[in-house]
Amino acid sequence: MVQEISCGGDEMDRRDFLRQVAKWTAGTLLASPIFNITPELLAAERPFPRVAIGTGNEITTLVERVLAPLGGMKTFVNPGNRVVVKPNIGWDRSPEQAADTHPEVVKAVVALALAAGAKEVLVFDNTCNEERRCYHQSGIKPALAGMKNVRCDYIDKRKFVPVDISKGKSIHNWLFYRDALEADCYINVPIAKHHSLARLTIGLKNIMGVIGGHRGEIHQNIGQNLADLNTVIRPALTIVDATRILLRNGPQGGSLRDVKVLNTILASADIVAADAVATTLFGLNPTDIPATRAAAAMGLGEMNLARIEQIRV
Amino acid sequence: MKYRPTTRTFRKLSQLLFLILFFVLFRKTDYSGSDTLPYAVNLFFRWDPLVAATVTLAARKVILLLLPSLFVILLTVVMGRVFCGWVCPMGTLLDLLDKGIHPPGNPSVRLRKMKYLVLIVLLVSSLFSLQLIGFLDPFSLLVRGAAFSIDPMFNWLTTGFFDTIYSHAPAFADRVTEPVYSVLKNGLLPFRQSFYFLSTLSLMILIAIGAMEKLGKRFWCRNLCPLGALLALFSRWSFFRRIPTASCRNCPQCAPNCRMNAFDPDNGKLHHEECNLCMDCVDDCLNQSPRFAFTRRNNHVPVDLGRRAFVGSALAGMALPVAAKVGAISRVPHPLLLRPPGVKNETDFLSLCVRCGECMKACIENALQPCFFESGYQGMFSPRLVPRLGYCEFNCTLCGQVCPTGAIPKLLLPAKQKAIIGIAVFDVNRCLPYANGIPCMVCEEHCPTSKKAILFRDKTVMNRKGEELVVKQPYVVEELCIGCGICENKCPLPGASAIRVLTASKGTSGYSDGYG
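Going down the list, the sequences are from chains A and B.
Numbers in my numbering are just positions in the first sequence, counted from 1, shifted up by 21.
Numbers in my numbering are just positions in the second sequence, counted from 1, shifted up by 1140.
Since the hints were derived computationally from the structure, they do not count as laboratory data.
Yeah, the Cβ is synthetic: ideal placement off N, Cα and C, and Gly gets one too.
Be careful, since some hints might not be right.
Said to hold, decoys possible - Which bits of chain A does chain B cover? Going by a derived footprint, with three or more residues having C-beta under 8 angstroms, they are:
no.: 1; region: 129-140
no.: 2; region: 148-154
no.: 3; region: 268-274
All chains, full assembly: derive it from the sequences and hints.
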């Protein structure tokens, strides 16, 4: 199997790419910028569908182990990069209640990114409950306290900018968080859990935390809408926290009866493949999940388990 | 003569320190990263004897939270109205205001007794369980004015300035302004912009109190403040007094300049209960050098309210509660009048609540809002939950923690999570899965009870195009709903929510079976 993860362009030449980036940057300087991300720019990245799965009690080493088959963190983070680590901090719940990404997973990913030479790591989420409560109760802000070059700031509403979703089938414009758009390397660190409408919320749904606007409207055609949003921000890496998963009463749970401890973490450069494999932890098929289906249909990744290379570590 | 700081200097220092304390506590009345507040942010209400007196009378029980008020009474019994002159932040702000307003000297002393009449009305009506202190307690007025208008206005202007630079000025300007902004955000500014009903009214009350200074120094304190009146009563026995007990004949110094106008205009005698020990007369004396000392000397000048005024105000204090009782509002409560978590009985709540605004300041979702006429004039400024503005955060117990009188009970988290505020009811004429056959589950997703109080039924419906399809239709499980209002808050419909929290269930404060 050839490593195709890091190398990008097959269709687009460098000049075209630079022109896109220049336009894109010019957009950020306007008072109310419109980001225009064309399909060509998006088609540039179609990562190899390889998913690493690991089980273990020691979270820090487990994260490192599952990244090894993908080439380690240095495959994704280059020295001097501004890295965004995007966990799910959506709910005012404690770590064992399995509504937010485990703080130790977040901390391990951040530490690896720094070790790989990241200049700065930003950790944030547009929360559903009150943000200070979520950041603290999830354990994520306390876990990152004192780490150098790490910012775990609350969402700054001024940083939401409208983005044209040219590839979108259902939504064509939405507010995105500037720090997420401008990241050199975007690492998606969702938790896998039940969701009453989307069936499950894993990697693709985690994008809800970097968008603004009336997020409730997304739910009216949730599968396609999530796929559309995911054409704008393509994580370099998706690390699924399944150390414990929420089986019922998602997405916020609240009762330990609904939590199952799996001590498992998955990682992939292919967000759709990561979601597809994580789906099997719940005894479901990837095709059961509307967002996974829609994203695969748009070419954002591979959901066919037979075509996904699964590596157990 | 060698330099010595004047006595006044100590008084000013004390005023400044207590003013700072007031604002620090105000700022700390907020979530701090831990579930329990580490400070007694409601200190000013807990040592307020007027709060203690009216609440004890109205609720007919001793509230331990208010024990610090005994300390203020003791202080007054020993030292006189030193609280008014050295501590009260309202008085300090008025003193500061005087530097710009220049009040006229020698104002009338005729209005002095008004504050006693006000106090009598408040005390008598609280004896009959009508709590009106919120209209006149200086700290209630101050905290509400600060919380509902001044602080949000300050934040609005400051963030507006920095936001404008952030979004319109060139990037190099940001490099200067953003660090300043983040320093401000970490200390001086509130965490977020909040919005309150009655913001203008709350500000106007403070402006009115300030404007009265144009009629004379400390007009509010001398003539209207019921706390000042109460402390004046206790100061009758105090033995820390000015010597001599009268102003000197023919001397134009202390009597005309006294900020409390405490000297009798006829005989120059000091009305001791009016003196707030500001020490101006000590420092400014031209000849005899008065001093304050512990003395047994009695210079008591009787306060003559007049029998008619006394009886009249007592009767008014009795009439008001009865008038409120026969108001229809007690029979048909407002269907949207949601009280904070743990409040069970509307009447008890209103007799305990002193409208201090602490709960509304502390509410992290900006959900608690002051009432206008929803519970009659007697409920004005009392807190109610307005879910479309903000919901009751499931894991938060701050309002009960900051309430100085226990009107909102201080509940532990498990009890608070079971406290019923109201009950959510769907408007199926608007709710998307019912009205339009469009899937939506935002209310269910946010419902915080661990066994969700909103569930789905699969239903075959026709959408607007006439196509048949199966949608999940949400419904409320009444036994599980606590009325936190997050569903109403997050409903994605524009304008009114398709799910609303009503006071329709037994066990909520607004419930009444007295009609129909």
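Q) Any of the earlier hints contradicted here, and which numbers? A) 1
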